[in-house]
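Here are the chains, one letter per residue:
Protein chains: 2
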Amino acid sequence: MAIEDVLNELKSKIVDKLPKGINVSSLEFEGPELVIYTTDPKAFADNGDIIRSIAKDLRKRVVVRPDPRMLAEPEEAIKRIKEIVPAESGVSNHYFDTDTGEVIIEAEKPGLVIGRHGSTLREITKHIGWTPKVVRTPPIESSTVKDIRQYLRSVKEERKTILKGIGRKIHRPISNKDQWIRITTLGGCKEVGRSSFLLSTPESKVLIDCGVNTGAESNGTPYLYVPEVSPLSQLDAVVLTHAHLDHSGLIPLLYMYGYEGPVYMTPPTRDLMALLQLDYIEVANREGKRPPYESALIRETLKHTITLNYGDVTDIAPDIRLTFYNSGHILGSGIAHFHIGEGLYNVAFTGDFKYEKTRLFDPAVNQFPRIETIIMESTYGGMHDMQPARRDAETELQHIVKTTLSRGGKVLIPTFAVGRSQEVMIVLEEAIRKGIIDNVPVYLDGMIWEATAIHTTYPEYLNVELQDMIFHKGQNPFLSPAFVRVDSSQKREKILQDPSPCIVLATSGMMNGGPVMEYLKMYGPDKRNTLVFVGYQAEGTLGRRIQKGWTEIPMSTNGKTEVMKINMEVATVDGFSGHSDRRQLMEYVKRMEPRPERIITNHGDENKCLDLASSIYKKHKLETRSPMNLETIRLI
Amino acid sequence: MAIEDVLNELKSKIVDKLPKGINVSSLEFEGPELVIYTTDPKAFADNGDIIRSIAKDLRKRVVVRPDPRMLAEPEEAIKRIKEIVPAESGVSNHYFDTDTGEVIIEAEKPGLVIGRHGSTLREITKHIGWTPKVVRTPPIESSTVKDIRQYLRSVKEERKTILKGIGRKIHRPISNKDQWIRITTLGGCKEVGRSSFLLSTPESKVLIDCGVNTGAESNGTPYLYVPEVSPLSQLDAVVLTHAHLDHSGLIPLLYMYGYEGPVYMTPPTRDLMALLQLDYIEVANREGKRPPYESALIRETLKHTITLNYGDVTDIAPDIRLTFYNSGHILGSGIAHFHIGEGLYNVAFTGDFKYEKTRLFDPAVNQFPRIETIIMESTYGGMHDMQPARRDAETELQHIVKTTLSRGGKVLIPTFAVGRSQEVMIVLEEAIRKGIIDNVPVYLDGMIWEATAIHTTYPEYLNVELQDMIFHKGQNPFLSPAFVRVDSSQKREKILQDPSPCIVLATSGMMNGGPVMEYLKMYGPDKRNTLVFVGYQAEGTLGRRIQKGWTEIPMSTNGKTEVMKINMEVATVDGFSGHSDRRQLMEYVKRMEPRPERIITNHGDENKCLDLASSIYKKHKLETRSPMNLETIRLI
Ligand SMILES: [Zn+2]
Ligand SMILES: [Zn+2]
Ligand SMILES: [Zn+2]
Ligand SMILES: [Zn+2]
Ligand SMILES: [Zn+2]
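Heads up: the protein sequence lines correspond to chains A and B, in order. FYI, the numbering for the first sequence is 1 to 636, going by the UniProt record's numbering. FYI, the numbering for the second sequence is 1 to 636, going by the UniProt record's numbering.
Simulated from the structure, these hints should not be mistaken for lab results. Some hints here could point you the wrong way.
To be verified - A partial selection of chain A residues facing chain B, derived with a Cβ cut-off under 7 Å: (1) Arg625; (2) Leu630; (3) Glu631; (4) Thr632; (5) Ile636.
For clarity, every value in this text was computed on a predicted model and none was experimentally measured. All residues carry an ideal CB built from backbone N, CA and C; glycine is no exception.
Produce the complete structure using the sequences and hints provided.
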């Protein structure tokens with residue numbers, strides 16, 4: 001059946017379901033969405049349930065857009081919006097998109113613009129024709145978020161064409177009668193870094209993650225040259241579990257080598273991904289290395305990004321539906337669940353996950369409508385990879401900070417910008433607020449501030465307690481006056497010279513470069529100060545050396561190498577990891593619903609992947625496998 | 001390094017090794033051979049050891065050919081050959097190939113033309129310039145062999161161009177620095193039929209076997225459409241273990257879909273393959289089915305066939321060397337052993353194998369210079385798949401024949417043309433010769449005669465005892481006057497009407513068509529006759545039904561279906577299989593030298609493959625795997 005016939009058939013089904021007289025001017029696939037254009041947007045707005053029921057029946061994501069002839073003039077529309085929306089919503093901006101008939105309303109409190117079950121939105125639609133979309137005015141302005149929104153608006157025409165092309169490809173008729181499902185491992189097996197998988201059926205090919213091992217001299221990139229994934233132009237979709245570079249780092253390269261299709265991810269992943277990718281090429285430039293790609297390719301990636309929220313069941317190929325579930329690892333991190341065929345098979349890729357409630361996130365989801373095979377990470381899959389309870393870790397950290405401050409010292413915490421920093425910030429904010437530690441400034445240096453700003457843009461991706469604090473108690477811990485942004489070298493210099501006690505969170509997390517080095521040089525010699533590691537220190541990094549007890553560190557300042565003496569206290573607080581420890585990995589499998597048939601372990605050193613696989617097999621009697629890179633496993 | 005530079009470097013190495021004054025006019029890769037052209041063929045002929053030592057040093061197959069200017073006129077050459085070669089050699093034909101400078105001498109006793117260590121051949125070269133190649137005059141003329149030789153001579157110009165192209169491709173410089181070796185299963189895993197594997201490295205791709213399941217309604221062909229093997233034009237080589245259609249059946253199709261490279265196999269495999277492939281399309285035509293390909297594609301396959309004898313170590317790709325070892329299954333059947341990289345890895349595919357000395361062949365080889373992984377067949381891999389000793393099977397067969405003949409009955413033995421027939425023929429010939437059974441005619445109907453003729457063409461592929469009988473005792477059992485060829489329907493009709501006792505071997509082996517059906521119709525009703533099954537009867541075949549005890553068989557004669565009553569005795573003699581039974585499979589692994597690291601089982605029903613793999617693992621503590629089709633296993 002040709003795609004036009006598919007659309008015609010869908011149209012008549014929709015018209016049948018609509019109350020008489022509601023007009024459908026046209027129907028179009030745009031990306032994974034089925035778009036109904038109408039001259040009666042009010043009528044549709046009044047019948048919100050009908051759209052939901054149509055979407056459910058058709059098993060498609062259905063959106064309604066006004067026929068372009070129905071749209072009010074922007075000035076008129078803005079006036080009307082102001083009348084409808086309560087003033088407390090804090091509307092700060094409007095962007096009219098004449099192609100989609102959408103008006104994007106930036107507001108401090110989007111909930112008030114949306115109204116109960118979308119009632120206010122429907123009211124707006126009724127009066128202005130335009131379809132309102134509400135986005136949050138970031139409480140801390142994120143230049144990343146702002147730039148991305150602006151960029152996407154600037155390419156909206158091209159993007160619409162792209163989405164139409166993608167939509168038609170997704171809904172093409174199925175042409176193959178063979179039945180098999182395969183996973184090819186392209187990177188990240190029996191290792192951490194360069195995660196990448198190919199999921200293929202006779203009909204479709206989907207790439208899951210495309211990471212890079214930034215630390216590797218060789219073998220840092222997935223095996224994208226093998227015939228299974230070439231030509232890249234034949235991939236149907238790329239799916240990104242989360243923003244960390246070991247999963248997202250080489251996605252822009254795909255667009256250099258011929259890929260032109262969509263990348264699916266959650267909205268926060270998109271923004272964090274762009275932030276980390278830009279940083280990746282900046283670091284390369286700073287270190288005099290050839291950057292892996294130019295920023296133009298990051299923009300190309302954004303142009304092809306389709307965001308999905310947790311739980312959105314979405315067609316991404318004729319025989320594949322994707323749904324993201326919270327994985328509890330970092331902001332927007334998702335377990336990518338694929339439903340293949342009509343009830344044929346279900347496979348999920350956990351990406352990195354934390355099966356424990358943290359200060360920021362709910363624990364990873366392990367209940368799915370159906371699941372036969374799950375590919376799970378094994379970072380802490382070894383027999384003895386137990387971590388202390390998070391509560392204990394928090395108490396320990398508070399204790400160290402308190403002791404250090406009380407002897408007039410400074411606390412230096414090296415962290416990565418995304419994940420650990422925000423976790424530690426919340427612990428510190430609470431301790432300060434409750435008077436457990438002194439009210440000293442907490443300086444945020446490096447990308448931490450920007451990453452935090454992105455967190456404040458998506459509070460609905462934080463856990464329920466945090467959302468409750470932010471939305472109902474009006475108490476956003478990230479906005480605490482204790483946090484001070486360090487955004488210039490002058491400011492940093494001033495802090496470095498200031499003798500008063502303070503806490504510094506600075507990148508990079510393993511002390512192989514970044515502003516943390518400046519603080520180390522200044523604070524290192526004074527034994528009243530404390531250096532606190534809250535994250536994993538890889539072999540070969542300076543962080544690892546200091547952790548192991550090195551006290552004489554060769555440092556190059558202005559081209560001259562000097563040996564620096566580390567007299568400051570060095571402490572390690574385990575338990576803040578965004579990865580599940582061994583017990584959590586085992587529990588995750590044990591409590592999974594429904595019980596899967598097979599578990600594939602990856603994303604861990606060889607012995608961790610093997611140990612976890614064999615323990616799961618022994619304990620839970622599930623078929624397990626721990627493939628090498630470049631293998632293909634047949635699921636069905 | 002460009003290929004011309006490679007050749008120049010080789011040339012100077014060779015010249016260095018030659019005694020002063022021996023001229024090398026040029027050097028060329030032709031297929032896997034390195035060809036030295038010289039104006040001094042006599043000098044080379046006098047220094048046979050030097051060529052062997054050069055070949056060993058360079059690790060290449062080196063042949064010397066006369067510079068075309070050195071060649072005597074054919075008439076003159078024939079005269080000289082007659083003078084040199086003893087008359088008893090029975091030279092029957094000469095074919096001069098002006099391109100290669102070769103003269104092909106067909107003789108009844110090739111050994112006498114070759115002489116001790118090739119001394120007579122060198123003598124010939126010295127006097128005529130042409131390089132003599134000796135082939136056996138088949139003692140029973142095989143039209144297959146004759147047609148193939150004639151066809152190859154007719155395309156020799158084109159073939160030379162093809163070989164040069166292949167030679168240069170094989171010896172191209174290695175361009176990739178990654179190191180991995182993978183096997184992709186394309187067919188024949190957890191099933192019998194459509195055997196096919198891809199062996200790939202970053203540099204090369206080799207397809208091993210490309211069979212067909214002729215009985216299957218669907219899923220009868222290997223998965224050649226997956227990206228791992230497409231485009232087929234990028235394969236470096238195809239390797240065929242043996243002629244049976246479940247290994248060779250779809251090789252001609254490769255040339256339809258873009259493959260243009262070589263197919264490696266032993267010389268008998270080439271001839272048997274062509275015979276079986278031609279029969280495959282003839283049967284399809286006869287049954288009114290669309291044949292899978294035309295005979296032109298079988299010729300195309302022959303044109304690209306490069307034959308290798310057991311033990312010839314041959315470069316087939318820049319990083320892969322192939323050697324065939326006897327597998328004891330059928331004439332010319334080989335275990336394909338691949339040496340990858342310079343000492344990097346060794347993997348062998350057994351194809352079908354028999355690890356027991358049979359009337360025809362030596363047991364399969366299980367000693368290799370090196371071996372890390374072996375892919376082995378599992379036809380009889382089940383716990384209880386034991387077969388009687390061959391001696392007992394022979395005695396049993398003789399007993400049945402004797403009893404039947406003595407009561408005035410006829411013996412009907414359905415067999416496949418290749419393998420079982422010749423085995424049974426030798427047993428019957430011996431029994432008649434020794435007077436164990438009466439001297440009755442043994443009729444050979446179907447392709448059995450032709451297949452036997454091919455066996456007599458390659459006595460060096462038979463076991464030592466048989467070779468000894470043929471060469472030294474002048475007693476070729478295949479030439480016994482007891483064997484009578486049935487080559488026309490008139491002849492068959494006469495035999496059917498003849499009331500005297502006799503033995504009939506007729507195809508097909510499972511009684512799903514073929515001349516055996518005529519004999520069944522005639523002999524079935526008479527209870528003095530006996531039907532003897534000596535081979536496996538697959539589920540769903542008539543043979544299987546009769547074996548299970550059916551006595552009323554619906555038969556269609558001239559379009560009318562009648563029920564035929566089977567009164568004849570029905571017997572089954574196990575133990576003639578060309579496959580190793582369970583005990584032999586286990587022994588093969590146990591006695592393998594050196595001990596491999598990993599065993600992959602295939603070519604058997606799912607439970608046989610799994611059972612064998614798990615038994616080997618338990619008993620021999622070797623890593624085993626039993627993949628599905630469409631998986632990729634990484635070896636290194
Ligand atoms: Zn991560
Ligand atoms: Zn990761
Ligand atoms: Zn066979
Ligand atoms: Zn076979
Ligand atoms: Zn008996």
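Taking the hints in turn, this is what the structure says about them:
Evaluation of the A/Arg625 hint against chain B yields a violated restraint, the C-beta minimum of about 11 Å exceeding 7 Å. Using the Cβ-Cβ criterion of 7 Å, the hint placing A/Leu630 at the interface with chain B is satisfied: the shortest such distance is roughly 5 Å. Hint on A/Glu631 holds. Least Cβ distance to chain B is approximately 5 Å, under the 7 Å limit. With its C-beta approaching chain B no nearer than about 3 Å, A/Thr632 sits inside the 7 Å limit, and its interface hint holds.
Checking A/Ile636 against chain B: minimum C-beta separation of about 9 Å lies over 7 Å; hint violated.
Comparing the model with each earlier hint shows violations of hints 1, 5; every other hint is respected.
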